[in-house]
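A.B. asks: Residues per chain are reported as follows:
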Amino acid sequence: MSGALREPWRSLRRQREAAAFGTWIFLGGEAMLFAGLILAFAVMRALHPAGFILAGRETEVALGTANTAILLTSSLTMAVAAEAARAELRRATLWGMGLTLALGAAFLAVKGFEWSSDLEKHLFPGDGFALAEPSAQIFFALYWIMTSLHAMHMLGGMTVVAWLGWQAWRRARPLRSPAFEAAALYWHLVDIVWIVLYPLLYLGGRAP
Amino acid sequence: MIRFWPATASDVAAQVDQLTGVLLAICGAILLLVGCLLLGFSIRYRRGSSAKRGALPEIVSREVEVGWTAATLFLALFLFAWATGMELRANPPQPDAIEVHVLARQWMWKTRHANGAQEIDALHVPRGEQVRLLMTSQDVIHSFFVPAFRAKQDVLPGRLTELRFTATETGTYNLFCAEYCGTLHARMGGTVTVMEPEDFARWLAVQPRGDDLAREGAALFVSLGCAGCHGDRRGGSATVRAPKLEGVYNSPVPLQDGRVVTADEAYLRDSILQPRRDVVAGFPNVMPSFAGLVHEEEMQRLLAYLRSLKDAP
Amino acid sequence: MNHITPAIPAPDAIPHEEPSYLTAERGIGSWLLTTDHKRIALLYMAALTAFFFIGGAGAVAIRLELFTPKADVLTADGYNRMFTLHGTVMIWFFLVPSIPTTLGNFLIPLMVGARDLAFPRLNLLSWYLFIFAGAVLIYALVAGGVDTGWTFYTPFSTTFSNGYVLLAGLAIILAGFSSIATGVNFLATIHLLRAPGMGWFRLPLFAWAIYGTSLVMVLATPVLTAVLLLVIAERGFGLPVFDPSRGGDPLLFQHLFWFYSHPAVYIMILPSFGVISEIVTCFSRRNVFGYDFMVYAILWIAIAGFLVWGHHMFVSGQSIYASLAFSFLSFVIAVPSAIKVFNWTFTLYRGQITFEAPMLYAVGFIGLFTIGGLTGLFLASIPIDVHVSDTYYVVGHFHFIMVGGAVSAFYGGLSFWWPKITGRKYPMTWARFAAILMFFGFGFTFFPMFIMGYLGMPRRYQVYPEEFQVWHVMSSAGAVLLAGAYLLPMGYLAWSVFWGEKAEDDPWNATGLEWSTSSPPPRDNFRTPPEVDEGPYFYHPEGEGPGHDHGDPHRDQVRTP
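Protein chains in written order, with this note's numbering: chain A, 423 to 630; chain B, 82 to 394; chain C, 1236 to 1796.
Mixed in with the good hints there might be a few duds.
[Unchecked claim] Reference listing, derived: stretches of chain C covered by chain B, where coverage requires no fewer than 3 residues with Cβ under 8 Å from a Cβ of chain B:
id: 1; stretch: 1391 to 1400
id: 2; stretch: 1559 to 1566
id: 3; stretch: 1569 to 1580
id: 4; stretch: 1590 to 1603
id: 5; stretch: 1615 to 1621
id: 6; stretch: 1670 to 1680
Don't read these hints as lab results, they were simulated from the structure.
Every residue, glycine too, gets a C-beta built ideally from N, C-alpha and C.
Input sequences plus hints: build the corresponding full structure.
C.D. replies: Below, the structure is given as structure tokens:
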């Protein structure tokens, strides 16, 4: 399968290295993006500890925990898919990517329920906000920004996985292509970001 | 007449000018050195000239490189130490400083003296006495800038910033807003007038004034209900135990989490707006927040009142 | 470093029918869908020229208005929109992408001996992102304008401004994506596509400079994205983060903003360091003085540039201890810049110097950058910075770095590599005249700003006290010269494309892999894959030609293992 090799590369090994390297660099940038937001969260939490603890108790911890489990599992299936692709095991690759997509969709569905319940409880900052403490609105401002940015990353990741899966299904892309590993790296980053967001948003207010 | 140097009208201004002068001399020397080398090499080593070429002499390589790296580093450290030392020594707070409240908003400056005299886009201060400006903004960020004093401080909404200076020359100087603040930013300026102390006293005495700030603050203290818990002197019911405020200004306050803070304006202000943040040790955490209920001018009055409360007899 | 084994045939032996990258394919589609890094560089050049004119128009309006102390050309809001336009367009749509996306795109694969960048399609995508971002920004500026200044300070931008802040923010986020994609591409190329024998310490300094720049682009730009997302969330969706009336902190915005925007200065100036190093070595026929120090200086600047953002905030109300630390680090970062200036100067020592136009730009750059850098020492000193921050002193300082430095280097680099890019020569007399005019025009425009800034003239003022007028008139008059100097090269360079003399493969007799291929290069850059067995700047110590022609490399130019 020489179709995996692209310009300007002369060897597939080198090309694979570059795909991984480029993705890692890009993930470094992504990490800085979320780091900026998490820093804002940390500063605000230090300025308004009481409001943040109060607000942190209002998030849907059951749904958040379920989502954490879903996402961690999806990282496993994605890792399986990437390794299988590398070993050119077509069935395992397709299964892995299919499961990853399903779990990603499940995460977003749960997130959707959670958001609508938040809206019902008037937890969107603005007039008529449920909590009296003004700084609780800042917590929820960051909650909405960070979870929706994370969801956008999920959507992006799912698009890539779906596209690669479709190409693998149609045999339009050789399984040796470095793209599978790059997609998996990206998926793991989205997962890791969630692992940081989960304690910040769901557990922080519930510590004894 | 073209001016090359701004007026020097505060004690800090003279120091800053001295620092600028030395830096100018050092930088001028460096620039001259680089310029001469560039020009000299360009002429001497133009193509086809008869100057000696060939390998670089042994000495003109690593040693020179390490040498000027070290030299610039030491120069940088020296300048840092000097400039920073000057900054740290400048304007130590003095207990008898004249306090003026400054309120900035799009696009005007309101200044208010302790006796309640108000000015708009102007400030009168006496020569030779430290002035302490307590500044806040009603809307966006502004910046209080008096070039003749070499003094500048951003004025932020939602917090107090402080600017201290001691004027040394009488005269009238420009006051600018230096932080971009919207449509008429360029017109948000005024003057600072430095007068002899006795002229200033005379000027201040004839200003129309409302009540003085502290007296207005005292009225607010009652009408906002603060006195209900904090002040039994004023006939409050005192069913809830709250810290006494007499003499609290600028004194150390122990907090619940073990820290001890100084009750300066910033702390008092935060305690009114966000009472749950730094609770005084030994008191229940029950005070409601007054954020949104007290606007900046009222805050100035309340702070003036709290400052005026001396230790209870 | 241009010693290629096997040596390429002499130019006259190359069959002239073999098309260059310019003629390999025809039709508009072959340009808009190209993945050739050289064509994408030209696409960027076209887009950047357009943005340079838009941003320049803003500058013209500003300087025209400031001729007199009163408001006579623009309304107050009109003036505010003009300087915002000038700042946003010039920074994000001209200076940040300028050298990396044009010269960098064109030269990095050539310099490292590759056929293309590591991810050619990503390269094209980043151009489209850039164009789309530019279209959004121009829509925002035409539809109603933005009046926040390029700094978008909160709470003005989130609550009080009545301009198109959301769209402008979106445009800058998109341009940031483009910038990140470009940075990733360069890093991967320099890491993984170097020709056999091209060790890290055989890279030309231009490649090192682009490497440092890319690092900063990839790691700093996302923080700008984050802070602009917060601004958009607060302004567009009412989610409080910065608004002090709802408990937010406006200084948090400044910290996050400058965490990007100070490194952004290095994104703008580092590539110029690379360009100047290439030019100075070529026209003085010497190895660069202290190659490894130059490399470490680039990396030092790239990394330490992340740690000095707080010096923009000495008067903001941040803690004095924070200010001390930032002041210290700002002084320290002056050292690598000084190393570079001294090393360029000493590269001239014992050279065989000629003064073609690129060299004149380079010498002018060293002068202007030295002034720009030295005036930075004043700003790093807290007591002086308190006085001059937000005045024209700062405006003068950063224009010396970013315009006197980066734009001069951009023009210098263009005139240096123009024969390689187009295969044509331009009229040298005109070019020399333009370079000299640019130096003096620049000086007249921006030097008076130091003086009026120290006198206390605040920036972003449409009307000002009469005592400052003389300096403003001087500055506006200088701007006329400067505008002429910027337009002139556009004229003769365009002329040269049609009527210029054909350029040889190596018109300056320079080293460097890019000069070993034909002018303009073929689609795949090299006819035979190059191999490298020398360090860069391998010039003969006595004569004028490259060192390997003479086989007598001297001590500081021996082949590095």
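A.B. asks: Can you tell me if the stretch 1670 to 1680 of chain C counts as covered by chain B, using C-beta to C-beta distances under 8 Å and a minimum of three residues?
C.D. replies: Coverage by chain B is violated here, the residue count being 0 at a Cβ distance below 8 Å.
A.B. asks: Quick one: see if chain B covers the stretch 1615 to 1621 of chain C, three-plus residues with Cβ-Cβ under 8 Å.
C.D. replies: holds (count 6)
A.B. asks: How does the stretch 1569 to 1580 of chain C fare against chain B when you require at least three residues with a CB closer than 8 Å, holds or violated?
C.D. replies: Check passed, 8 qualifying residues.
A.B. asks: Report holds or violated for chain B covering the stretch 1391 to 1400 of chain C, Cβ cut-off 8 Å, minimum 3 residues.
C.D. replies: Per the Cβ count (4), the hint holds.
A.B. asks: At least three residues with a C-beta closer than 8 Å to a C-beta of chain B: is that true for the stretch 1559 to 1566 of chain C?
C.D. replies: holds (count 4)
A.B. asks: Does the stretch 1590 to 1603 of chain C contain three or more residues whose Cβ lies closer than 8 Å to a Cβ of chain B?
C.D. replies: holds (count 4)
In terms of the numbered hints stated before, the structure departs from hint 6 and from no other.
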